[in-house]
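**Q** Single-letter residue listing:
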Amino acid sequence: DGGITQSPKYLFRKEGQNVTLSCEQNLNHDAMYWYRQDPGQGLRLIYYSQIVNDFQKGDIAEGYSVSREKKESFPLTVTSAQKNPTAFYLCASSARDRAPDTQYFGPGTRLTVL
Amino acid sequence: AQTVTQSQPEMSVQEAETVTLSCTYDTSESDYYLFWYKQPPSRQMILVIRQEAYKQQNATENRFSVNFQKAAKSFSLKISDSQLGDAAMYFCAYRGPGGGADGLTFGKGTHLIIQP
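Residue numbers (my numbering), protein chains in the order written: chain A, 13 to 126; chain B, 14 to 129.
You can take every hint at face value.
In silico BS3-like links for lysine-lysine, alpha-carbon gap of 27 Å or less:
#, chain 1, residue 1, chain 2, residue 2
1, B, 121, A, 21
2, B, 121, A, 69
3, B, 121, B, 86
4, B, 83, B, 121
5, B, 91, B, 68
6, A, 26, A, 69
7, B, 121, A, 95
8, B, 121, B, 91
9, A, 21, A, 69
If you're looking for bench data, these hints aren't it; they were derived computationally from the structure.
Next up, chain A with everything else stripped away, as it sits in the complex (with noise of 0.2 Å):
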């Protein structure tokens, strides 16, 4: 089946930690993209990336970084700068090459700081 994993489902943090969030596709899709969805509220761009070896920041990037060494993986590490991480992270992929770029959704991780 095609589609989006993101691994763990849940994950604990201790303050002053770094933990990193995966996600990996294999829809074949050229781009990824991370979200952040707090209470009541809709979702947040945080890096987005078109392409193997490129990445850009979103609106909320700081404390986040990511890479992308392969086009199936995009994984997302929460650093110790980041200030208030408690919060639902989603990853997205969509295909460049056909309009409109509809982006399609992991099942999410759920983050928590201790």
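We have chain A already, so just place chain B on it with the hints.
**A** Frame of chain A, contents of chain B only:
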């Protein structure tokens, strides 16, 4: 910067009735894309419907249709014959023309309750 506003935090409708969710947006672009996503309690984001701004015809997907008013920058979602499975958060989203795959700008969502 583009903004998306959903003015109804919560809506309630009787099963089998019709409900309309509102969305307005602000942009200086003439070419863009609009989406409605559904987020059920599982929190999986599911695409409901999409609209290209250059198309005058309103998009329709089975029981879901939109009323796209470009001049008014309005993009409402109509759900006909509401079903219990339609209960979810609904998010309106905007994507600019870009040149590649830019991110989406989301509204804060409308919580839709279906009463049996």
